[in-house]
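All chains, full assembly: derive it from the sequences and hints.
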Amino acid sequence: RLLDQISKMMIGKLYKIDMNNLKNELLMWQHDVVNVISLSTKLPNSFDSPAMHRLRIYNDLSKSFDLLQLLEIQELEDEQEIISEQFIDIVFEKFNELPITENNFSSRRSFIHRCIGILPLESPIRLHLYKKIFSQEPLPLTFPTIHRIFLMEQHEQDNLFIDLINDPNEALEDVFEETKFQL
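For the record, in the sequence shown the residue sitting at position 80 is 80 according to full-length UniProt numbering, with numbers rising by one throughout.
Since the hints were derived computationally from the structure, they do not count as laboratory data.
Each hint should be verified, as a subset may be incorrect.
[Unchecked claim] Calculated cross-link-like contacts (lysine-lysine; reagent style BS3-like; alpha-carbon spacing at most 27 Å):
no.	residue 1	residue 2
1	23	13
2	42	132
3	94	42
4	8	42
5	16	63
6	42	63
7	131	63
8	13	63
[To be verified] Computed Cβ-Cβ distance ranges for the label pairs, DEER-style:
no.	residue 1	residue 2	range
9	28	76	19 to 27 Å
10	147	44	45 to 53 Å
11	85	173	19 to 27 Å
Owing to the predicted nature of the structure, the values given are computational and were not obtained by experimental measurement.
Glycine included, every Cβ here is placed at the ideal spot set by N, Cα and C.
As structure tokens, then:
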């Protein structure tokens, strides 16, 4: 597909950035990515394209991570999946190394929201993402992210969180049984 090829080409351009002109070339890359994403919205199914989701994620990450970190993430990513557990782990690891600033926090939140928007509710990788989100130190303004997760899960399974509060063992067994039948 055209969108897949364009996305791979744009991510591949990260390797061609001249380290002597890093800041300007990274800014030009971000500008080009925004143009590609903007133009792609006019094509049918562009919002469903895994490659375009990946490009959006890299664009977001490029606002917080330096080029070497982006290349390291790209080297470790699994080409077969939009988002893998390993990809989530390395990105969270890199975020944890960054100072807490509004820009870095915004990039982290954007990464989490994009992953939540991409991964199917029944995906084991989504569960891995949830573990990462809920096991990290609380960050400012994490409530909207947690609220979004609760709303999506509540929409999928009525009274899930009320059942978890009232009888957690039974609620978890019910969810496990439903998931087992879906697989």
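Below or equal to 27 Å on CA atoms is what counts here, so check residue 42 against residue 132.
violated (34 Å)
Does residue 94 pair with residue 42 here, judged by a C-alpha cut-off of 27 Å?
violated (33 Å)
Cβ separation of residue 85 and residue 173, checked against the hinted range 19 to 27 Å:
Given about 24 Å between the Cβ atoms, the range holds.
Distance restraint evaluation - residue 28, residue 76, Cβ atoms, bounds 19 to 27 Å:
holds (25 Å)
Given the hinted pair residue 42 and residue 63, is their alpha-carbon gap at most 27 Å?
Since the Cα atoms of residue 42 and residue 63 sit roughly 25 Å apart, the hinted pair holds (cutoff 27 Å).
Would the hint linking residue 13 and residue 63 be met if the CA-CA limit is 27 Å?
holds (16 Å)
Does residue 131 pair with residue 63 here, judged by a C-alpha cut-off of 27 Å?
holds (25 Å)
Quickly compare the C-alpha distance for residue 8 and residue 42 to 27 Å and report which way the hint goes.
holds (19 Å)
Would you mind confirming whether the straight-line C-alpha gap from residue 23 to residue 13 stays at or under 27 Å?
holds (14 Å)
For the hint 45 to 53 Å, verify it against the beta carbon of residue 147 and that of residue 44.
violated (32 Å)
Is it true that the CA of residue 16 sits at most 27 Å from the CA of residue 63?
Between residue 16 and residue 63 the Cα gap is close to 18 Å, so the pair holds against 27 Å.
Consistency note: the structure conflicts with the earlier hints numbered 2, 3 and 10.
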